[in-house]
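Protein chains: 2
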Amino acid sequence: MSFSLLAELIRKKNNPTVMGLDPKLEYIPPHIREGRGVGEALFEYNRALIDAAADLIPAVKPQSAFYEMYGLQGLQALDKTIRYAKSAGLYVILDVKRGDIGSTAEAYAEAFFGSDSAGADCVTVNPYLGSDGVLPFIKAAEKYDKAVFALVKTSNPSSGELQDIDCGGEPLYMRVAKLTAKWNSTGRCGIVAGATYPAQLAELRRELPSSFFLVPGYGAQGGKAKDVALACDESGGRVIVNSSRGLICAWMADGGDGRDFADRTRAAVIAMRDDLNSAIKNKAN
Amino acid sequence: MSFSLLAELIRKKNNPTVMGLDPKLEYIPPHIREGRGVGEALFEYNRALIDAAADLIPAVKPQSAFYEMYGLQGLQALDKTIRYAKSAGLYVILDVKRGDIGSTAEAYAEAFFGSDSAGADCVTVNPYLGSDGVLPFIKAAEKYDKAVFALVKTSNPSSGELQDIDCGGEPLYMRVAKLTAKWNSTGRCGIVAGATYPAQLAELRRELPSSFFLVPGYGAQGGKAKDVALACDESGGRVIVNSSRGLICAWMADGGDGRDFADRTRAAVIAMRDDLNSAIKNKAN
Chain Y
1 MSFSLLAELI
11 RKKNNPTVMG
21 LDPKLEYIPP
31 HIREGRGVGE
41 ALFEYNRALI
51 DAAADLIPAV
61 KPQSAFYEMY
71 GLQGLQALDK
81 TIRYAKSAGL
91 YVILDVKRGD
101 IGSTAEAYAE
111 AFFGSDSAGA
121 DCVTVNPYLG
131 SDGVLPFIKA
141 AEKYDKAVFA
151 LVKTSNPSSG
161 ELQDIDCGGE
171 PLYMRVAKLT
181 AKWNSTGRCG
191 IVAGATYPAQ
201 LAELRRELPS
211 SFFLVPGYGA
221 QGGKAKDVAL
231 ACDESGGRVI
241 VNSSRGLICA
251 WMADGGDGRD
261 FADRTRAAVI
271 AMRDDLNSAI
281 KNKAN
Chain U
286 MSFSLLAELI
296 RKKNNPTVMG
306 LDPKLEYIPP
316 HIREGRGVGE
326 ALFEYNRALI
336 DAAADLIPAV
346 KPQSAFYEMY
356 GLQGLQALDK
366 TIRYAKSAGL
376 YVILDVKRGD
386 IGSTAEAYAE
396 AFFGSDSAGA
406 DCVTVNPYLG
416 SDGVLPFIKA
426 AEKYDKAVFA
436 LVKTSNPSSG
446 ELQDIDCGGE
456 PLYMRVAKLT
466 AKWNSTGRCG
476 IVAGATYPAQ
486 LAELRRELPS
496 SFFLVPGYGA
506 QGGKAKDVAL
516 ACDESGGRVI
526 VNSSRGLICA
536 WMADGGDGRD
546 FADRTRAAVI
556 AMRDDLNSAI
566 KNKAN
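Line by line, the protein sequences give chains Y and U.
The numbering used here puts the first residue of the first sequence at 1, with every later residue one more than the last.
The numbering used here puts the first residue of the second sequence at 286, with every later residue one more than the last.
It should be emphasised that the hints constitute simulated quantities derived from the structure, not laboratory data.
Remember, it's a predicted structure, so these values are computed and weren't measured experimentally.
Built from N, CA and C at the ideal position, the CB exists for glycine as well.
There could be a bad hint or two in this list.
[Claimed, not checked] Chain U is nowhere near these chain Y residues, computed Cβ spacing over 12 Å in every case:
id: 1; residue: 47
id: 2; residue: 117
id: 3; residue: 134
[Said to hold, decoys possible] Among the chain Y residues that face chain U by a calculated CB cut under 8 Å, a handful are:
id: 4; residue: 48
id: 5; residue: 50
id: 6; residue: 56
id: 7; residue: 68
id: 8; residue: 69
id: 9; residue: 84
id: 10; residue: 108
id: 11; residue: 111
id: 12; residue: 115
id: 13; residue: 119
id: 14; residue: 126
id: 15; residue: 132
id: 16; residue: 165
id: 17; residue: 174
id: 18; residue: 270
[Stated by the list, open to error] Residues of chain U clear of chain Y, computed beta-carbon distances all greater than 10 Å:
id: 19; residue: 293
id: 20; residue: 296
id: 21; residue: 413
id: 22; residue: 460
id: 23; residue: 471
id: 24; residue: 492
id: 25; residue: 511
id: 26; residue: 560
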């Protein structure tokens, strides 16, 4: 789906949170792992997390690496997770960070958006190859009514090694941001910008007043709600904030056995929602 | 494997060619597709291509996108292809161009190199996230005796949009090249530099005299043997040149039915080998 469905779901749930579904085996409560193969355990936990939070959140974001690492059974669990999240009315952002030459980018776009795909609404892409690597995704997004988030300023500690390099008076990430403005001509290319770099987040919002922002780095990585608020547009919208471990590992916080994971995840989602909304409201006032 | 096995196989076969295994369904001769499901057809063609060329080439490079686009059956074919190529004594470069934050990069590295993986010797990675996104692959490469090629100057038409941006007197790709020199401290990080940009290829070799170069862009994309020769080190080595369509689609060149694909692929491999070796020899003289 284009971003309009995402915006609508954020409004309806009054929550700009996307739950990152990155279920390493050690994040899954023992009573769910027990007696199940890896793929089955991953899917069962995801299904239970979606059941626990679907009325509170607009979206989920599975990170492909955590499924690929378990081989074909992991990928089967990813496929089932995407289909289940869609059936629960959620927007699905598939975090794959792909980027390749034209013919290959077309193949990836078909893999994630095509009629045989599991039906994710949106993928993340890497801009290092330039337009050739991104436009096939945009084209496929138009064909199948989907969308794309391009990496601009990532949340990790070393993101500045390339992204902050000075390119004649502006950092590389700003040059990439300007490219994404072109890629967004039909409203299907948002950006990824981390909550861990708040000054850059604010600067990027000034440059791209109407782009959708996917903001990782809240919570476990150190980003705060007031940082995230800087990513919002003038009306406090067009932003979706990811938390993975903060939500799906909430049951692990105090050494419990995980039987209450659904309640713990709900509580963490509600706390995050209220934290974000309060900071966004403060910024607007 | 580290690059020593690759170097040894190149010497032994007297051939710096890697056969790109990017088997779109339409590249597969009708008599092999007939009566087979997609995954089975992909693997059967790859197996036949490997049988046809294994005595002539040191390595194969499956491009993950062309398997991912066919879903789980495609990924199963990829897994079987990697295992078959290894059993045929070939070095396997898995072209995935991944790059992500630390914990995620670790998951990918485990997916491709870990004990449950199909056993590729090497993967390609994207440097946009900086060291955090690459070092987990290097670390895993050390653990499992593998190697990594980082994208520096890609072969596609728009590669300059980011990679050629002037960063205080040198292009971005040169800054990335200097980072790869650090990542290569244990001899496990080569670079990707396209044959379609020969001046940059020569400049990169001067900067990185002892790095291994993976060179795409020969043949269908327009790169010539004399361009590729610029990537060689002083002794004419440390370079592996990819061709995909030029080899695996050789049977399609004159409208034949593909029953002679094995002979056509062998002939194309031999022609490419001789073309490359002659240009490399000319450069050395």
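| field | Those earlier numbered hints the structure runs against, lowest number first | value | 2, 3, 4, 5, 6, 9, 12, 13, 17, 18, 21, 22
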